[in-house]
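Trainee: One-letter residues, chain by chain:
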Amino acid sequence: MLAEQIHGFLKTFFKVTNCEITEEGPHYLTVQLTADIDKRIMNRPFYWQFIESTKAEPNPLKVTFITKKSEEQEIRGEYIHYGSMRMHQIFQATKELGSFVRMYQNEEGASLFPWIGANFKVSYHADQTKEMLFSLGINLIHGSVKSNFQDILNELDLTNEMPKNAYCLPYIVSPIRAIERLETAVENYIANDDMTWAEEARKRWKREQEILDHFYLGVEEKPEIYETEKKALEERFRPRIKMEIVSGGLFYLK
Amino acid sequence: MMIEKSSYWKEEFARRLEGNGPWDDWTLYKMAYEVEKDQLITDFSGLQAPKFLTNIKFLDHQIEAARTVIEKMNGKAILADEVGLGKTIEAGLILKEYILRGLVKKALILVPASLLTQWVDELNGKFFIPAIGCKKKNVPFEHYDFVVMSMDMAKRSPYREKIYGQDYDMIIIDEAHKLKNHKTQSYQFVQGLKKKFCLLLTATPIQNNIFEIFYLVSLLKPGHLGNVESFQTYFNNGKNGLKEDDYLKELVNQVMIRNRRQDTGIEWVGRHVQTIPIRFTKEEQEVYQMIQRLKERTTVFNNSFALTTVLKEMCSSKEAAYLTLEKMKEKARSQAEIDYIEEIIGKLANLEVNSKAEKAYEIIRKAKEKVIIFTEYRATQLYLQWYLYQKGIKSVLFNGKFSKNKRDWMRRLFQDVADVLIATESGGEGINLQFCHHVINFDLPWNPMKIEQRIGRVHRFGQESDVYIYNLAVQDTIEDRIIDLLGNKIDVFEKVVGELDDILTNKMEERIYRSPSFVSNFHFEDFGLEDQLGFT
Chain A
95 MLAEQIHGFL KTFFKVTNCE ITEEGPHYLT VQLTADIDKR IMNRPFYWQF
145 IESTKAEPNP LKVTFITKKS EEQEIRGEYI HYGSMRMHQI FQATKELGSF
195 VRMYQNEEGA SLFPWIGANF KVSYHADQTK EMLFSLGINL IHGSVKSNFQ
245 DILNELDLTN EMPKNAYCLP YIVSPIRAIE RLETAVENYI ANDDMTWAEE
295 ARKRWKREQE ILDHFYLGVE EKPEIYETEK KALEERFRPR IKMEIVSGGL
345 FYLK
Chain B
-7 MMIEKSSYWK EEFARRLEGN GPWDDWTLYK MAYEVEKDQL ITDFSGLQAP
43 KFLTNIKFLD HQIEAARTVI EKMNGKAILA DEVGLGKTIE AGLILKEYIL
93 RGLVKKALIL VPASLLTQWV DELNGKFFIP AIGCKKKNVP FEHYDFVVMS
143 MDMAKRSPYR EKIYGQDYDM IIIDEAHKLK NHKTQSYQFV QGLKKKFCLL
193 LTATPIQNNI FEIFYLVSLL KPGHLGNVES FQTYFNNGKN GLKEDDYLKE
243 LVNQVMIRNR RQDTGIEWVG RHVQTIPIRF TKEEQEVYQM IQRLKERTTV
293 FNNSFALTTV LKEMCSSKEA AYLTLEKMKE KARSQAEIDY IEEIIGKLAN
343 LEVNSKAEKA YEIIRKAKEK VIIFTEYRAT QLYLQWYLYQ KGIKSVLFNG
393 KFSKNKRDWM RRLFQDVADV LIATESGGEG INLQFCHHVI NFDLPWNPMK
443 IEQRIGRVHR FGQESDVYIY NLAVQDTIED RIIDLLGNKI DVFEKVVGEL
493 DDILTNKMEE RIYRSPSFVS NFHFEDFGLE DQLGFT
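Residue numbers (the working numbering), protein chains in the order written: chain A, 95 to 348; chain B, -7 to 528.
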């Protein structure tokens, strides 16, 4: 993200989380944080612990974030950019506050079909990593599955309140059952995916194990260090696959 | 292969469905998805970290080093760039990359105490890695994920045990050449650590002999160079035998990255090295020879190491030699021994000229710029400050024991007020003195890499002028032998590790400068410029 994108991102983030932007320039924002956002992004647990235990009046911070450094401007504040810790915390807060939704297509008097949308993150780990994101949707009436579901949703006009006179069809497939079906779909994808990376990692593991064994060749009682090294090799090279849903929701669509 | 599934989302979603909410904001939901997509690691290879670190201008060889460690060396390597090419930057980049890829969640960084603050600052300020420095007893470092600690502290109880109890994914060790001796406590401590991902940083992986690289590599990857017996068999023709050097070099290069200045594509300024022969005065020569004869006159010097020490000290300053001789005198058993040592001390006291110091003064005068003098001895350091002060030259002292504040302060004084900085060996690490272009090695250490470290303070990235190095060596003394030996060691290093920039040259300066001097006693008092100027 460029400085301009960061600026836009922050502006939207604070607006949506009800933090009042009290002052703004092209390259800075001054924000009055809410207690909740202060807790999430300002990294001062002791203060909040103190407030909660003494039941004192909380005093959330007012902060100026500078999104692009420039020589002439005299604004004092915290420089924030893509890699900074603060940005990382704001990204984290965004994820925590944006992972469960229920939305309706904004059309009066329409019959709306229930869908489950879920965004899966799959990661392959050994001594190297690769990650994939799958956005899938499943219809809770007839069970058909759509991929790139998030892209479809992005094109629609959605609202979090049921539109007037709309009729939401009750689901036939239970949402939890539907999520399990999506999981199976992702698992099938993984089962058919190229697993050369795992074989390569195992080969590297084996080679390094042989080197280690060679070091202790002829040693009857191997010392503890040998076991430690062996365990470290396993942790480094054993291929693992992880799968999680990062966000998703219930959608009523036309 | 088994898939590790997290059920967190599913369970929470079920709860919210049942409780009819609460539901998150749609805008945040879309933003979160974009963030997720943006930060996805789509490829096993390549580096993610640089896009988060736009504040750092990485040099090509640094990016390349990080890639090689991650993609070809599987995360275990010796980073052995020449001094001043940014090993710390490479290590930080690699650590950051592993953190982003979720492979490293906890890391321990072991450094010399003098560099601790600098590491903590760089990791936090440049790499946005929330590292804490642990230098006091009661820091609960177990509760932190990224810990910087001095090696001296870490190897001792109770820290040692506490560290063993932690599960670090990555270990980084700076100035790793200090681990060359496998019998030391530090070596054994590191050997016992679990090293999943591991980086050893040193500009000087070999200092004295080939076994140092064996022990260093074996620490990182036991067995990579075989075991002790097989390695010894390869190199059984003496300490520096190098029959199998090409094979060894290849093996070493599988776990070691070494960038040299000229490989970096950066225009480096020149390095001019001169070895300047000094001739003792008749009086100095006489004392030197008396010291040489100590071996025959007393048993205290049966140990040739002790004798070598005094001889080396004599080549530096009478002050340095005096301290050791005094200590020897206390150990002497017979009156004859004591008398002889006292006779030497008497002659020493009457020496009026330090030929080397005069040469150094001449160099400083000719340079007309700031000069750094390195000496191995604290006594020489103090003497030189006194001597130069007589000549109207202001100097500041620099030692490894200085706190970070004092270092910064001395560096400033040197830059702004003084003409000369006189540093002892241990003061050399981790300071940048690019504004200075002249280095005098007042005495020579046995170890060529120490000289490289000294020169590296000045001849590093950011230096804009050529640098001049003067190695002072007294002729017909032990320093001749040191020069020979240094040459040999550089040979071993180059065969296994690669070429070195000029450290020594054979260019001898013909003209020997000599002038009378009025130094009549020993000078040990600290002539701190900071005191003269009223700073404390």
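To be clear, the hints were calculated from the coordinates, so they are not data collected in a lab.
Misleading hints may appear alongside valid ones.
Part of the chain B face toward chain A, derived, beta carbon under 7 Å [what the hints assert, rightly or not]:
| hint | residue |
| --- | --- |
| 1 | Thr60 |
| 2 | Lys64 |
| 3 | Gly67 |
| 4 | Gly215 |
Each residue gets a CB set at the ideal place from its N, CA and C atoms; glycine is no exception.
Trainee: The structure should be examined with respect to each hint, and the outcome stated for every one.
Mentor: Structure-based check of each hint:
At its closest, the beta carbon of Thr60 (chain B) sits 13 Å from a beta carbon of chain A; the interface hint therefore is violated under the 7 Å criterion. Nearest Cβ of chain A to the Cβ of Lys64 (chain B): about 10 Å, over the 7 Å cut. The hint is violated. At a threshold of 7 Å, the smallest CB-CB gap from Gly67 (chain B) to chain A is about 6 Å, leaving the interface hint in force. For Gly215 (chain B), the shortest C-beta to C-beta distance to chain A is roughly 3 Å, which falls under 7 Å, so the interface hint holds.
Going down the numbered hints, you'll see the structure goes against 1, 2, while the others check out.
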